[in-house]
Amino acid sequence: MNRRMLISALALAAFAAAPLTASADALDDVMKSKVLKVAVPQDFPPFGSVSADMSPKGYDVDMANLIGKAMGVKVELVPVTSANRIPYLQTKKVELLISSLGKNPDREKVIDFSNVYAPFFNGVFGPKDLAVAKVEDLAGKTIGVTRGAVEDLKLTEIAPKDTTIKRYEDNNGTISAFLSGQVQLVATGNVVAAAILARNPPKKPEIKFLIANSACYVGMNKDEPKLMAKVNEIIAAARKDGSLNAIAQKWLAQDLPADI
Amino acid sequence: MNYTFDFSSIGSYLPVLFNGILVTIELIAVGATFGVALGIFCAWARALGPIWLKPIVAGYVELIRNTPFLIQLFFIFFGLPSIGIQLTEMQGAMLTMVINLGAYSCEIVRAGIQATTKGQFEAGWSLGMTRFETFRYVVLIPSLQRIWPALSSQIVLVMLGSAVVSQIAAEDLSFAANFIQSRNFRAFEIYFLATAIYLALAITLRQLLRGLGWWLFPRKATR
Numbered sequence: 001m002n003r004r005m006l007i008s009a010l011a012l013a014a015f016a017a018a019p020l021t022a023s024a025d026a027l028d029d030v031m032k033s034k035v036l037k038v039a040v041p042q043d044f045p046p047f048g049s050v051s052a053d054m055s056p057k058g059y060d061v062d063m064a065n066l067i068g069k070a071m072g073v074k075v076e077l078v079p080v081t082s083a084n085r086i087p088y089l090q091t092k093k094v095e096l097l098i099s100s101l102g103k104n105p106d107r108e109k110v111i112d113f114s115n116v117y118a119p120f121f122n123g124v125f126g127p128k129d130l131a132v133a134k135v136e137d138l139a140g141k142t143i144g145v146t147r148g149a150v151e152d153l154k155l156t157e158i159a160p161k162d163t164t165i166k167r168y169e170d171n172n173g174t175i176s177a178f179l180s181g182q183v184q185l186v187a188t189g190n191v192v193a194a195a196i197l198a199r200n201p202p203k204k205p206e207i208k209f210l211i212a213n214s215a216c217y218v219g220m221n222k223d224e225p226k227l228m229a230k231v232n233e234i235i236a237a238a239r240k241d242g243s244l245n246a247i248a249q250k251w252l253a254q255d256l257p258a259d260i
Numbered sequence: 001m002n003y004t005f006d007f008s009s010i011g012s013y014l015p016v017l018f019n020g021i022l023v024t025i026e027l028i029a030v031g032a033t034f035g036v037a038l039g040i041f042c043a044w045a046r047a048l049g050p051i052w053l054k055p056i057v058a059g060y061v062e063l064i065r066n067t068p069f070l071i072q073l074f075f076i077f078f079g080l081p082s083i084g085i086q087l088t089e090m091q092g093a094m095l096t097m098v099i100n101l102g103a104y105s106c107e108i109v110r111a112g113i114q115a116t117t118k119g120q121f122e123a124g125w126s127l128g129m130t131r132f133e134t135f136r137y138v139v140l141i142p143s144l145q146r147i148w149p150a151l152s153s154q155i156v157l158v159m160l161g162s163a164v165v166s167q168i169a170a171e172d173l174s175f176a177a178n179f180i181q182s183r184n185f186r187a188f189e190i191y192f193l194a195t196a197i198y199l200a201l202a203i204t205l206r207q208l209l210r211g212l213g214w215w216l217f218p219r220k221a222t223r
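First to last, the protein sequences are chains A and B. 1 is the number of the first residue of the first sequence in the working numbering; add one for each residue after it. 1 is the number of the first residue of the second sequence in the working numbering; add one for each residue after it.
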């Protein structure tokens with residue numbers, strides 16, 4: 001081994017064995033600094049999008065503000081994409097991840113999930129002349145989804161083997177793929193589909209069926225029991241006093257289902 | 001910072017990753033072959049071609065070299081269906097890479113051709129070669145040899161740039177990395193692995209091109 005290789009190997013070893021420092025309790029930190037940093041989506045209406053004056057809006061944004069208000073701290077919104085939201089959380093740039101997050105066993109190994117805070121009324125949409133009424137009818141069809149979104153996880157699980165699922169980077173890519181005919185069907189939130197319809201495109205997405213049993217959870221780092229208890233307590237209280245239902249009415253135009 | 005690497009969580013996704021590597025290799029194989037061929041044709045057209053062809057090729061080269069690869073990709077994949085040209089994401093990705101590399105390699109090859117002295121053309125003609133034979137044996141081969149390192153770099157650049165084709169759901173290595181990340185949230189591990197694979201691919205490709213250069217241009221003193 002020559003000297004240069006030795007130096008690189010040492011550098012790599014030092015990098016891998018980065019110093020282990022005891023991490024403080026996230027809830028204590030928030031209460032001390034009076035600032036709660038929350039990652040919210042910016043390209044995923046109705047959960048998170050950018051309004052005309054460039055401020056973030058949506059279900060997740062209202063949820064973040066609700067939690068901040070209940071904790072009596074200022075909320076700092078951090079816009080994220082589906083690709084960078086987990087690193088933001090892990091590197092402690094944010095304390096909470098409210099970004100229409102679905103869960104699966106692999107994800108649960110990496111971060112913790114709160115109780116359900118939102119339902120996900122998403123469905124499969126397609127042109128009128130395409131006969132699809134249930135998930136089995138997707139056999140042989142091409143369907144577009146946003147990679148890593150709740151509907152992607154669910155469809156990957158339930159769609160027939162010969163369904164072609166095309167996974168696009170973000171919601172806009174998925175919509176473009178549908179409108180340009182690159183995919184026959186698209187799986188997305190019903191409000192997204194309604195927003196497309198409002199623009200009166202040549203291809204009109206009509207609801208084919210709803211993807212059942214999806215829900216969104218607040219994500220946070222592992223080993224934060226106090227923060228977890230606090231968030232779950234706030235969700236339960238908001239559920240009880242109707243403020244969570246008001247958010248659902250505002251953004252999803254429906255009441256919360258009874259099982260949330 | 002207390003982060004424990006856990007590469008075991010990637011295990012079940014290895015087929016996705018492997019498929020991604022194959023797609024990236026396929027993309028660059030097709031992209032490089034046809035892209036360089038298109039580049040050589042365009043270089044001939046710009047340097048020695050008929051007068052009516054020159055502005056057309058010049059327009060193409062300038063258009064491609066002054067617009068982002070991602071926008072070209074979106075134009076071909078999302079835009080062209082509006083006028084009835086529907087390509088799959090693989091066709092779209094390959095076509096964009098060929099068109100993109102074609103424009104860049106045109107300028108690289110043209111530099112080599114224009115560096116050829118007039119005497120070399122005349123030498124070819126005086127040996128009784130046709131214009132085409134002169135171009136092929138006397139001008140093009142020495143030109144390619146001169147610009148081979150630059151051309152190799154451009155091909156590697158296009159291979160690395162192909163990472164953005166995951167935007168149109170082409171399932172290349174970047175798509176595989178993003179896909180796995182969206183499932184198990186192990187961003188650090190998976191991008192670490194993807195970086196290492198891209199590095200290995202780039203080094204391998206560069207060595208292959210080097211070998212190809214030795215094979216294509218034997219018996220030359222100035223290697």
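No lab work stands behind these hints: they were computed from the structure. Incorrect hints may appear among the rest.
[What the hints assert, rightly or not] Pairs of lysine to aspartate or glutamate residues, derived as EDC-like cross-links and limited to a Cα-Cα distance of at most 20 Å, are as follows:
id : chain 1 : residue 1 : chain 2 : residue 2
1  : A       : Lys69     : A       : Asp43
2  : A       : Lys32     : A       : Asp223
3  : A       : Lys103    : A       : Asp29
4  : A       : Lys109    : B       : Glu62
5  : A       : Lys222    : B       : Glu189
6  : A       : Lys226    : A       : Asp53
7  : A       : Lys57     : A       : Asp223
8  : A       : Lys230    : A       : Glu76
9  : A       : Lys109    : B       : Glu122
10 : A       : Lys222    : A       : Asp129
11 : A       : Lys74     : A       : Asp25
12 : A       : Lys92     : B       : Glu133
13 : A       : Lys222    : A       : Asp53
14 : A       : Lys222    : B       : Asp6
15 : A       : Lys141    : A       : Glu108
How the hints compare with the structure:
About 24 Å separates the Cα atoms of A/Lys69 and A/Asp43, which puts this hinted pair outside 20 Å; it is violated. A threshold of 20 Å between alpha carbons decides the hint, and for A/Lys32 with A/Asp223 the separation of about 19 Å falls inside it, so the pair holds. Distance hint between A/Lys103 and A/Asp29 is unfulfilled; the C-alpha atoms sit about 26 Å from each other, more than 20 Å. The suggested pairing of A/Lys109 with B/Glu62 is violated, with an alpha-carbon distance near 50 Å, which exceeds 20 Å.
Distance check on the hinted pair: A/Lys222 and B/Glu189 sit about 18 Å apart at the alpha-carbon level, within 20 Å; holds. Distance restraint check for A/Lys226 and A/Asp53: the Cα-Cα separation of roughly 36 Å exceeds the 20 Å cut-off, and the hinted pair is therefore not satisfied. Restraint check for A/Lys57 and A/Asp223: the C-alpha separation of about 30 Å exceeds 20 Å, so the hint is violated. Distance restraint check for A/Lys230 and A/Glu76: the Cα-Cα separation of roughly 18 Å lies within the 20 Å cut-off, and the hinted pair is therefore satisfied.
Between A/Lys109 and B/Glu122 the CA atoms are separated by roughly 72 Å; this puts the pair beyond 20 Å, and the hint is violated. About 48 Å separates the Cα atoms of A/Lys222 and A/Asp129, which puts this hinted pair outside 20 Å; it is violated. Proximity of A/Lys74 to A/Asp25 is assessed by CA-CA distance (about 18 Å); at most 20 Å being required, the pair is judged to hold. Proximity of A/Lys92 to B/Glu133 is assessed by CA-CA distance (about 66 Å); at most 20 Å being required, the pair is judged violated.
Restraint check: the Cα-Cα separation between A/Lys222 and A/Asp53 comes to about 36 Å, which exceeds 20 Å; the hinted pair is violated. Under the criterion of a C-alpha separation no larger than 20 Å, the hint pairing A/Lys222 with B/Asp6 is consistent with the structure, at around 15 Å. Simply put, A/Lys141 and A/Glu108 have alpha-carbon atoms about 31 Å apart, too far for the 20 Å limit, and the pair is violated.
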